[in-house]
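As given, the protein sequences belong to chains A and B, one line each in that order. Residues in the first sequence are numbered consecutively from 5, following the numbering used here. Residues in the second sequence are numbered consecutively from 10, following the numbering used here.
Simulated from the structure, these hints should not be mistaken for laboratory data. Owing to the predicted nature of the structure, the values given are computational and were not obtained by experimental measurement. Among the hints, erroneous ones may be present.
To be verified - Listed below are the simulated DSS-like cross-link pairs for lysine-lysine, each with C-alpha atoms no more than 30 Å apart in a straight line:
{"id": "1", "chain 1": "A", "residue 1": "K44", "chain 2": "A", "residue 2": "K74"}
{"id": "2", "chain 1": "A", "residue 1": "K106", "chain 2": "A", "residue 2": "K44"}
{"id": "3", "chain 1": "B", "residue 1": "K67", "chain 2": "B", "residue 2": "K22"}
{"id": "4", "chain 1": "A", "residue 1": "K44", "chain 2": "B", "residue 2": "K114"}
{"id": "5", "chain 1": "B", "residue 1": "K67", "chain 2": "B", "residue 2": "K114"}
{"id": "6", "chain 1": "B", "residue 1": "K114", "chain 2": "A", "residue 2": "K106"}
{"id": "7", "chain 1": "A", "residue 1": "K44", "chain 2": "A", "residue 2": "K110"}
{"id": "8", "chain 1": "B", "residue 1": "K96", "chain 2": "B", "residue 2": "K22"}
{"id": "9", "chain 1": "A", "residue 1": "K74", "chain 2": "B", "residue 2": "K114"}
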Amino acid sequence: ENVLTQSPGSLSLSPGERAALSCRTNQSTSIAYFAWYQQKPGQPPRLLIYGTSTRATGVPDRFRGSGSGKDFTLTISRLEPEDFAVYYCQPHAGAAFGQGTKVEIK
Amino acid sequence: QVQLQQSGPGLVKPSQTLSLTCVISGDSVSSNSATWNWIRQSPSRGLEWLGRTYYRSKWDTEYAVSVNSRIVVNPDTTRNQFSLQLKSVTPEDTAVYYCARATVKKGYGLDVWGQGTTVIVSS
Chain A
5 ENVLTQSPGS
15 LSLSPGERAA
25 LSCRTNQSTS
35 IAYFAWYQQK
45 PGQPPRLLIY
55 GTSTRATGVP
65 DRFRGSGSGK
75 DFTLTISRLE
85 PEDFAVYYCQ
95 PHAGAAFGQG
105 TKVEIK
Chain B
10 QVQLQQSGPG
20 LVKPSQTLSL
30 TCVISGDSVS
40 SNSATWNWIR
50 QSPSRGLEWL
60 GRTYYRSKWD
70 TEYAVSVNSR
80 IVVNPDTTRN
90 QFSLQLKSVT
100 PEDTAVYYCA
110 RATVKKGYGL
120 DVWGQGTTVI
130 VSS
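Just chain B, with the same shape it has in the complex (with noise of 0.2 Å):
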């Protein structure tokens, strides 16, 4: 059974740099048929896709154009884990961001999610 779990701060400052991170479990960040997600959730702006990273004979990224400036997603194989940056956030930037799985298995449906973690941008 695969499993997601996040960690990281609830609360950045204005202009710092937001980070999270997703610990996998029953699975492989490395694995040639997944790809590993961050997606955030607001009221203002519905559910937004970010950025993924993946393993296909290398690592590739990619990011949304809303975010492409500011995101860094990383891969972590001696953790098996991945990780978002995203940088010089403001109050819009505050949303419940998770962490999510796409599996060619399941036509890249992202059919595994974290728990989400709520970050408020505030000083």
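With the rest of the complex left out, here is chain A (with noise of 0.2 Å):
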């Protein structure tokens, strides 16, 4: 079973400032299908990156995902106050997500 592990656990940060959050697998992971998502309170989740490092329909180009084998990475450039969320990885819709990073202001 491929676990994932989200660091860190929660990031306090300004508006303005980046964020980079990390989701590591125990088991090497394709890119094709790695996917990360946001969530807001009483919300779904909402798809943000699939394949890795393209983003869905709207989502803004601060926004970007990275990685290869068992080490990922979402990267947001500028917070805006919309971006403040949970976030969560998966490696493919069939797996279990990562436990999450919330991204709250400072």
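Work from the hints to combine the two standalone chains into their complex.
Spelled out as structure tokens, the structure:
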């Protein structure tokens, strides 16, 4: 079973700052299906990045996904107020999710 | 525009079967380029993928190991929907349940989600 570890568990930053979220797997993972999701309170998760680095429809270019093998990263270049949320990684649609990274306003 | 509309009871007694339905609009449950998924979320277990159904010249299903002995996901082509049945529920099955589509066009990312159904397991 592919076990995912996201770090940090939470991140306290100010608008305009850069956020770097890590997701590590215990098995080498195909870059073709690796995805990131954003979730705000009371809403279902929203697909942010798929195929490791492709932004989903309507996702601004300040979001960037990268990685390969067992290490994947989601970078938000300049945090906007609407970016404060919880972010989850998933190696493919039928797999376990990471436990999430909460990006909070400092 | 693809939409998923969930329905089902919000309260289920322990040992009974949890049943939810997800109605699809704007796509087909028989699509060769999509899979139809159930996911749940609780404070203790986080986001948990439960199972999926899909059609690739024949119907197939896949389930998470954690619920494999208790879960059934079925397509319904006449109503263009799919369903979740989770048997012998316990309070640990209390969660928000979501249906979601994964499509090959989005690298099989879960790109469309239902609104979520809060299910409480309690007598």
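Hints, verified against the model:
1. A:K44 to A:K74: Judged against 30 Å, a Cα distance of about 27 Å means the pair holds.
2. A:K106 to A:K44: holds (10 Å)
3. B:K67 to B:K22: violated (35 Å)
4. A:K44 to B:K114: Judged against 30 Å, a Cα distance of about 25 Å means the pair holds.
5. B:K67 to B:K114: holds (20 Å)
6. B:K114 to A:K106: holds (28 Å)
7. A:K44 to A:K110: Within the cut-off at roughly 17 Å; holds.
8. B:K96 to B:K22: Given pair K96 (chain B), K22 (chain B) holds - Cα atoms ~11 Å apart, limit 30 Å.
9. A:K74 to B:K114: holds (24 Å)
Of the hints listed earlier, the one the structure fails to meet is number 3.
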